[in-house]
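Chain residues, written in single-letter form:
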Amino acid sequence: MKTNKIENRITYIILTFACFLFNFKNITFLSFLFGSLLALLFIFIAEKTNLYHFKLTKFLMFLLAIFFLIFYTNKLSYFITDNILREYSTILISFTILLTIFILGKKGYHTIIKVILLASYFLFFFSLLGVFLTLPYINIENITNISLKSNNLFLESLNYAFLLIYSYFLIYPITKTKFHIKDFFLSIFYQLFTFLLVIFVLGSNLTKLYQYPYIVIFKKVNLIGFIQRIEIIFSMNYLFFFFFLLLLSFYQILYFLKKYIKKDKKINFFLILITIFIFFLSTIL
Amino acid sequence: MNYTEKLKQETNSADDFIYKDIYLGKNHLELITIETIASSNDINNFILKRISFLDKLSVFDLTSYLYNYLPASSISIVNDYDTLKEKLLNGFTILIINNQNIMAIETRRDLTRGVSEADYEKTIVGPKDAFIEHYNTNLGLIRRRIKDVSLHIKPYYLGKYTKTKVGLIYIEGICQEKLVKEIDLKLKKINIDGILDSNYLKKYLNKSKSLFPTLKGTERPDLAASALLEGKVLIITDNSPEVLILPTFFIDFFHASDDYYQKPLNITFIRIIRLIAFLIAIFLPAIYITLTTHNPDSMPINLLLSFQSQRVSVPFPAFIEAILMIISFEILRESDIRIPSSMGTAISILGGLVLGDAAVNAGIVSPIMIIVVAISAISGMLMQSIEAVNSIRWYRFLLIILASLLGYYGIFLGIILILTNLADTKSQTKDYLYPFAPIDLKEQKDGFIKTSNKGLKFRNPILSHNKIRGKS
Amino acid sequence: MKKIFLILILFLFTGCSSYIELNDLAIINAIGIEKVNNTYKMYASIIMETDKETTTPKTTIYEVTGVNLNDMLNQLTLTLNKKIYLSHLDLFLLNDTIKTQEFTEIINFFLNNNETREDFLVICSKNIKELLEKTNYGEINDLVEINRQEASQAIYTTMYDVINKFTLQEPIYFTNLEITEHVKIKGLKVFLNNNYQEILENDSLFLNYLLNNINTYKYNYSCQDNKFLYLNILASTTNENEKEFFIANELKVITNDCNLKKDEINDIFTNYLKTNLEKFTEKKLTIKNTIRGLYENK
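Chains as they are written, first to last, in this note's numbering: chain H, 8 to 292; chain C, 12 to 483; chain R, 2 to 299.
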């Protein structure tokens, strides 16, 4: 599949940032570092041994994508009902999420990448803007009080590494582009930066207490008396990041089906079955 | 070979067909014209006058004499009945000489208006002439600007009853041959009754399901010439003042024709304003509806209280108010185009009063809703192409519906649907969102931001193989 | 296929049930909570409309009783028949009677509620109802803010600070307000280990010194009858150690009637600070002053 290489690299940055954002509560400073190192090692090994060529890895990715969708559509719909639409049932929202993912996923990899690229223009802009808006609210006391303790360092870093590796497998082996370490370090650097920003603004104690600390820092912003109440923009950012992860994992399912089933109607049938299966399981869990 | 009898039968002895018999000694000339298309002045002065001189001369071979000495630049020998009909219906005069040789002489009457100013693509700086309904004049306006032999034209005669002349124009060496071949195939497949305007061809030339147009029609020859120089293809239709440019990209609807005649810094500002106007036209009513129904927490408290006090008197929910206002605005706009100017002022006053003061005082709509709809409607008309303006309306409706149902999440879904719609379209197998979606940072220097003219060294790489534009 | 699609889209129309008209919102501006004779009382100040001449919103006050905060908000919805809207909450008033149990409930409520933003002002006061009736958020906010900037006696605590310090079991500082004819600041109150400790107006300045919360204030010293030394303290920082406090002040002399010299002014001021700060700590104090303005050089 010939796609422009820059687009794949940009989507990788977006996906890793999404992994970081919705895993915010489960990482600490050390588990973050260890997890990213583990992921880097595994990705190097995977590149050199061409892991994706084996049928087993493709089947594993297919299953992983299904499990990922089951667990995380629920999480996304809870996020939406907590922050954006407060009187809604989560079932309806997960239904709309799966519906749009289904419509989008069938259009093909090129259009998905183009949509992600177009969205990335304003996502990057708003992320940077958010950094500048919250910089005045850094508290010097919080800088000295970073707690490095974590409950279970090994499990947390594994969890984080798994997500990074998963997002690698969503993009690079399908399109056969080369993996550049620059992207990885760029995204890790930016994730570290936002992590530290949140801790410096709120304090390590409050970040543990709140459910979505990345959004709570924007509730504090009140500049000039005019720039206030902007957390809705950043929760929309969060939505976009999360959504693209789910979209690409859905495409992974479609890719696997396309390789081993040749008739279009059968692919459609299996796809609809799988999405209904995902929908029901996600509402139960 | 009695074509006159056949013609009289087929046309049911139509009134404007003129059959004149001329006897010059032993020779018998028959002149057939259509009075309404041919110019009788030309026939009288250049054909009949010359023929009248033959009375005193003795000529053996009348056909070769007439062919060589008639003061007409376009004479051709006709061999069969179909070409005779074709020439006759195109304004030519037919001379049948001794029932043996047939000549067709060009004596077309000019039934069109003269070259005038552009109607809807107005600019402050730059040339102001516009295309008209005459094929040759349009082609002439382009040839004046591109004086090179490599400007190639491919003619087609499309439409069973109209047989309109359609020309495909491109510059060889810049334009890709693949593109020309594809369009050529598409045009040859057309088999309909008639083509009355260049917009009839749009169905056959693009098959995308997008709401946004993939073909641009222009009435300015300078825009057409600059498109040719970029590697695009033009389609001129007879009887249509609109010339089609293929392939068009999304960014072309944000460029105006006088963007290259002013300073780059001013142009970036204006293009950014166009982008902001586009976003306002789509998003503003939807954002207002979410702010008043699902998510009032993004508003500061004074604004919230003023909205609250305004909505006390209104009996409808915000969604229905918005739809009412938009529909009445569209009715006003449509009537503005159709109404003759003598009745225009009274109706515009009525429209202004009704939609303004009276509706607010009667308690049907709130004043903020009028402001929102008016601003979004006005900013939607900032594009130069009417099709683009019309397609913004659908995006606005989609977002209003989604916003009233699902709030900010609905706006998010709307954004994703709009982006997929735009990303999915292809204009003649090239990606519609070219410098932005398949990323090309060099071309983005002429996208929304215009850097200085040094960036114009290279041509658009997906449109032409000939990359270097000029050394400067 | 398209028919199925249309039927599916009908599901989206169920969103009409969660549609809220703006006029059905009860916008709560301030909440005051106290416990009277083992009954939990809440006073909510709800915005009704704006006065068009001034820009201050008109509020009315409702009183409800209940078991905890959630229960009281339920009661409020029943009395008002409107949906409670806490996103514009600006002020939270407490009393001496709110202790750890009530604090845990309140903090849990605000942590789990994603609608509220917890940067509203939290204030302690004895007569909550009178405060809410006679003044509004704007006045109180200005009072506390200007006092914090100009006199350095008040502390601007937001709910973020309260949550943070309560969970870390550190002392929480509230400004104490009192209303007789006008609103006045009557010092600070410190909450620690289920007890409130009152700190008077004159001492709150020195507590702020130890907390590094000083902005500017003014000091007036009478060296003789009708002759004064008036100092304007522009900035000060305190650094804390295990054993001692380092305090650095920047002074400006405004009136120097007795024509005191630089050293004398230094001594006067350090003595003033030391005698008052020793009430609050046992650590060693080192004070440095940089003096500008009218004085005679040595």
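Derived by calculation from the structure, the hints in this document are not laboratory data. It is possible that part of the hints are untrue.
[Stated by the list, open to error] Listed below are the simulated DSSO-like cross-link pairs for lysine-lysine, each with C-alpha atoms no more than 27 Å apart in a straight line: (1) H/K183 <-> C/K17; (2) H/K114 <-> C/K98; (3) R/K275 <-> R/K187; (4) C/K437 <-> H/K272; (5) H/K185 <-> C/K441; (6) H/K82 <-> H/K12; (7) C/K220 <-> H/K272; (8) C/K98 <-> C/K220; (9) R/K83 <-> R/K130; (10) R/K228 <-> R/K284; (11) R/K187 <-> H/K226; (12) H/K156 <-> H/K12; (13) R/K59 <-> H/K227.
Taking only the CA atoms, is the gap from C/K437 to H/K272 under or equal to 27 Å? Satisfied, since the Cα-Cα distance of roughly 25 Å is no more than 27 Å.
For the pair supplied as a hint, R/K59 and H/K227, confirm whether the alpha-carbon distance does not exceed 27 Å. Cα-Cα ~26 Å, so holds.
Regarding the pair H/K183 and C/K17, is the alpha-carbon distance no greater than 27 Å? violated, 70 Å
Satisfaction of hint between R/K187 and R/K275, Cα-Cα up to 27 Å: holds, 23 Å
Would you mind confirming whether the straight-line C-alpha gap from R/K83 to R/K130 stays at or under 27 Å? holds, 22 Å
Please work out if C/K98 and C/K220 have their alpha carbons no farther apart than 27 Å. violated, 40 Å
Hinted pair R/K187 and H/K226, Cα distance within 27 Å: violated, 31 Å
Straight-line alpha-carbon gap R/K228 to R/K284, limit 27 Å: violated, 35 Å
Would the hint linking H/K156 and H/K12 be met if the CA-CA limit is 27 Å? Violated - the C-alpha atoms of H/K12 and H/K156 are around 39 Å apart, more than 27 Å.
27 Å Cα cutoff - pair C/K220, H/K272: At roughly 22 Å apart (the allowed maximum being 27 Å), H/K272 and C/K220 satisfy the hint.
Check whether the Cα positions of H/K114 and C/K98 lie no farther apart than 27 Å. Roughly 50 Å between the alpha carbons, so the hint for H/K114 and C/K98 is violated.
Check whether the Cα positions of H/K185 and C/K441 lie no farther apart than 27 Å. holds, 26 Å
The earlier numbered hints that this structure contradicts are 1, 2, 6, 8, 10, 11 and 12.
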